[in-house]
Amino acid sequence: MAAVFSNIPSMIILTGALVGLAASLVGTFLVLRRSAMLSDAISHSIVFGIVVVWLATHQQSGPVQLVGAALAGLLTVFLTELLVSSRKVKNDAAIGLVFPVLFAAGVLLLNLYARDVHIDTHTVLLGEIGFVWLDTLTIAGVDVPRAVVWMSVVTLVNALFVGVFFKELKLATFDPQLARALGFAPTALFYALLALTSVTAVAAFDAVGAVLFIAFVIIPPAAAYLLTDRLVWMLVLAAAVALASSGLGYGLAVRLDVSIGGMMAVMTGVFLALAFLFGPRHGLLAQGLRGWRRRWLDELRTLVVHLYDHEGTPVQDEKNVVVALERHLRWPPAKATAVVARGLRDGVVLKEGAHLRLTPKGRALALELAEPWRRAAA
Amino acid sequence: MNDWLALFADHTVQNVVLGAVFLGVTSGVLGSFAVLRQQSLLGDTLAHAALPGICLGFLVAGGRDLGFILTGALATSVLAALVMLLLTRRSRLKTDAALGTALSFAFAVGVVLLTYIQNTQSAAQGGLDSFLFGQAAATLRSDLWIMGGIMAGSLALVAACWKEFKLVTFDPAFAGSLGLPVTLIDVVLTAMIAFAVVIGLQMVGVVLMASMVIAPAVAARQWVRRLEHMVVLAAVTGVVAGVAGALVSAVGANLATGPLIVLVASALVVVSILAAPGRGVVWEAIAHRRARRSLRGRQVLTTLYELAEEHADPHYPAERGTLDAFHGLDTRPALERLERRGLVERVDHMPDEGPHWELTDAGHSEARRILNDTEAETR
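So the sequences go chain by chain: A and B.
Take the first sequence: its letters are residues 1 to 378, numbered as in my numbering.
Take the second sequence: its letters are residues 1 to 379, numbered as in my numbering.
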């Protein structure tokens, strides 16, 4: 047991994994609610909370810091809503006005009163996950890194929150009006979610800093959102992306000798890019393939409808030839040849000399479009 | 006074003030479009996305050369804008998630590059951190040429495409129907925020640039209704905030410039939202109060008139208690205001029953006018 907790690489990966898990649990609902940028605002303004609590109590971590941060996060949301309710400022601008003020106030307070303390402005932004093992707590005779302890607690709380209120969260996320009408309190639930986001941000603060935290909140759920339509699967996939990013990020960071937290965040982005390109239904490749197949079918349909139109008419011999496709459908010769070749392969047309004839299968395809009412009869 | 004059004579202070002017103008003008297009948080994303570019510029130049650094920053900012547009247009992600993804991913890459630079070229690394929060005092005369150039470039762009930008900002569908290349203009409007961002890196840093894009534009929007005026006023607001913040930071000991500029700009926003004539919260409250008073006065006056009609007595003395009960509120202030306008007067009638009021002749005609108007409106 003690061996596990004194193994530095496993502790760093565990911290990263816990940050990713806790963040993606709340992040899933923020992304679905289209409030992802609130996590950006919150993670910046907790700096203000952290500085104020530090100046008041000289405590760098622990429950007081968590409460202070939660309050700072809620203050951000409250001020934002206040600005929006004045109807002078749109929601996005309100978010962008509030958090810089709190952040700026935090930085100035640091400048003024806390020049030689551990929270310098650099760690505020970047965090240092590589040093989490230096700061340990003794639990049941085993030295456990403080970050691991706090992140475990926060992850557990987030998981409990999502587990207990799963049905309410689902309803409030997808249909807030119905949730309100049924007597659930979607607004209260949303504020609770944001309070947990703030608490998670401050617990993750020493490890990954204010900005990289945003990557763990937004990117794993966003990647999962590109892969599935089901909420449960989205939570599971987001967790999987977070875990994989933590492990792979650590390995790459050590090999390249760069920031571990940064590399973990970069890996979440790599997973998102993969989901964006190769996602089974919503991916760029799948989209392209679908579009290509649709065009393919459209061309084939155009061909058979054209042939069907002139079938058995006096102009049949003149219209139902490849050259006519070029003239009447304005298809370039190469396209006309290619479509006819596909039609021959699919068995919808036959070529007799220069003439094109529909097969029964081709006629059925044409009828489907040209005389759709017949489909029911047939 | 002499201290302030000496301050302006100082070479560094001159540089800082000039830099603040360039920053204020650029971010005010370009930010106006972002705020109106409801892309306020774009500035935040593009600013964070400048970090990898700063590091790349540093690596390419092999040192802290602002020209290379700003070029790199511009490149990665624009790239992040394109990625954000690609994600919103070609995936099911919404704007917020796309912005957050581009922001945090780009910043993470920046952090990785920053540590790479720290670990490989420790001697030359000095000064890259200053781009996180800005360090106005480090502005050199040669930097000003670059910043001025960027300002001139972006102003020229806005001037050249003024009517296209304006149309796409307010009515993209109409712009499309006129045959304008809306997508292209959309991309240009999105990517040009990067100009504002890179000019602010030196002064306020990547983290707080969001505010410099948004605050001057929001403040200006409260005072004016036309885009032409808004852009100019936003530029002025940006300059005021920039110069004030820079000067305080130059005088005050060891205060970072960026946060000060942001606080000044935000204070201007608060003042504007409260006090802007016609639109501000205070003005709205005054107008609301005035409207409520006028409505009460008309209600009380017509009630008196109808009582008089009902009793076939043009000088029917109405008891205040009756009026209070009828309207469900204290009618005394309304009656006193009407009295001052000479529309009603107190009468001595059954003093034990409290004060009584009746209509004057002027009151009669005013009440009839109001009732006629209301009737005409409802018909």
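Be careful, since some hints might not be right.
Among chain B residues calculated to face chain A with C-beta under 10 angstroms, some are [what the hints assert, rightly or not]:
| id | residue |
| --- | --- |
| 1 | Gly176 |
| 2 | Ser177 |
| 3 | Leu180 |
| 4 | Val182 |
| 5 | Leu208 |
| 6 | Ile261 |
| 7 | Leu263 |
Stretch by stretch, here's where chain B covers chain A in the computed footprint (C-beta under 8 angstroms, at least three residues) [as the list claims (entries may be wrong)]:
| id | region |
| --- | --- |
| 8 | 204-215 |
| 9 | 268-282 |
Just so you know, the hints here were simulated from the structure itself, not pulled from any lab data.
Just so it is clear, the structure is predicted and the values come from calculations on it, not from any experiment.
Glycine included, C-beta positions come from ideal geometry on N, C-alpha and C.
Checked hints:
1. Gly176: Violated: closest Cβ of chain A sits about 22 angstroms from Gly176/B, beyond 10 angstroms.
2. Ser177: violated, 25 angstroms
3. Leu180: Leu180/B check fails; min Cβ-Cβ to chain A is 24 angstroms, beyond 10 angstroms.
4. Val182: Constraint on Val182/B not satisfied, violated at 21 angstroms.
5. Leu208: holds, 5 angstroms
6. Ile261: holds, 9 angstroms
7. Leu263: With Cβ-Cβ at 5 angstroms, under 10 angstroms, it holds.
8. 204-215: holds (count 4)
9. 268-282: With 5 residues in contact (Cβ-Cβ under 8 angstroms with chain B), the coverage given for the region 268-282 of chain A holds.
Hint compliance for this structure: hints 1, 2, 3 and 4 are broken, all remaining hints hold.
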